[in-house]
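J.: Residue numbers (the numbering used here), protein chains in the order written: chain A, 1 to 155; chain B, 156 to 468.
Keep in mind the hints are simulated off the structure, nothing from the lab. Each residue gets a CB set at the ideal place from its N, CA and C atoms; glycine is no exception. Among the hints, a few may not be true.
To be verified - BS3-like mimics (lysine-lysine), calculated; alpha carbons at most 30 Å apart, straight line:
id, chain 1, residue 1, chain 2, residue 2
1, A, 152, B, 375
2, A, 43, A, 111
3, B, 434, A, 130
4, A, 152, B, 214
Said to hold, decoys possible - Okay, the calculated bits of chain A under chain B, using three or more residues with CB under 8 Å as the criterion:
id, region
5, 43-49
6, 142-148
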Amino acid sequence: MKGYTSLQILKAGALALLLAASLPVSAESEPEDIIKYRQNVMKANGAHMASIAAIIQGKVDYRQDLTHHVKAVQEINKNITALFPKDSDFGDTKALDAVWQKSADFEKAAKDARVNADALAKAVAAGDSKAYPARLKALSDSCKGCHKDFRKEEK
Amino acid sequence: MRARASLRYGVGRLARLAVGLLALALAPCAAGTTPPMDAGEYLFRAAGCEGCHTDVDAKGPRLAGGRRLETPLGVFYSPNITPDPVHGIGRWRDADFIRALREGVSPEGRHYYPAFPYPAYTRLSDADMLAIKAYLFRQPPVARRNTPHQLPWYLRLRPLLSVWKALYFRPGAYVDDARRSAGWNRGAYLAQAATHCGECHTPRNLIGGFRRGLYYAGTKAGPEGSVVPNITPDKATGIGRWSRSDLEYYLESGATPEGDFAGDLMAEVIDNSLAHLRKADRRAIATYVRSLPPISHAVRKARPANAKDEFDY
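Next comes chain A alone, as it looks inside the complex:
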């Protein structure tokens, strides 16, 4: 088959540009939107954590759901720091200044959560149910620990 003609390439290029332009792309996201996004992500995180706790404590028998809850928590906790970019502190946020001023400590707390989420996911993948309570507690403590130092209880 012959190669494309330059006219075809030009048309393809124009089409691509048109498609790209139709997707809304802001050069910088508004801090308010970033705040709302991460609050929703955290709510999802919490909802999955509560579900995991209910299953592991034997309050409900949805053991088959454990995998997807744990996967969600694992994904969310992969990169919490990315949810707190610079300049996303303006607005209705409960994040303390320490998130940005003590960024090394914040990264450590985020890493703690990631490591513990991975450990829980690993235990669930292996079906090691005896380890679930301890793994859940370790992850819960990471959540609490980070909130203790970096989230204010003020509205």
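Could you slot chain B onto chain A? The hints should help.
T.: Leaving out everything else, chain B in the frame of chain A:
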């Protein structure tokens, strides 16, 4: 001959077994089990002394004071409660310690500001107070001088505190309510006397007295500018939708039924105090708190009583 030899052999085995069992009974706990904490340390944890009396932000020495407590009335700095004889409480006799917690009066006869929650600690029994004192006196003494409070001039006159006390303070140890169960009374004792939940969760008026009829109903003007939730069993504005096991799990781990985790001051309370209590005691506290009259008092946006969505604060 063979019979006698086997009898001696049997007795020998029994003797060795007895010695072995005795050794096991006297031996320290096996690896993986921690010895239960003594009564003094347990009450110390329940009362949450460490959180206020240690300057965590500056990584100050344990129990040596200096923690900054911002309130609507001014800034308080906690004192040194290590057994240092000059800067701490090393020279306090038992009667001094009891008087401080029961009556809110120092060994020199000066009134304490109720930032020190003696209106709660007054409910502790003498024995429990002295158990806490004994624990404190086993801690390492630290020669750290107390930081003076930062208060407006009109609040620096300690004799004025006798007026406040006349209005708002009723000293006296907890007395069981005979109409209630043992578990309820245990929970009431712990919550009122030791864990002193109401000191943060009950709103106060302009001069720091508790507002009537709002017991545990939350406040927007909590310590360090915090919003302190309504923890009465009101369904719309309190924790009325929490089951008892929800509340017990929260007191142990900080996890709400929505999977949110306590932050800030309450995370500290759980870490320093509530997580260390026996399960039965957390159950007792939950029983007590859930028995309180539900009070409609929205410190956060109120949810309609039949709302499905739990997530909006």
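J.: Does each hint hold? Answer for all of them.
T.: Hints, one by one, checked against the model:
{"no.": "1", "hint": "152(A) - 375(B)", "in the structure": "13 Å, holds"}
{"no.": "2", "hint": "43(A) - 111(A)", "in the structure": "19 Å, holds"}
{"no.": "3", "hint": "434(B) - 130(A)", "in the structure": "20 Å, holds"}
{"no.": "4", "hint": "152(A) - 214(B)", "in the structure": "20 Å, holds"}
{"no.": "5", "hint": "43-49", "in the structure": "holds (count 6)"}
{"no.": "6", "hint": "142-148", "in the structure": "holds (count 5)"}
The structure meets every hint from the earlier list without exception.
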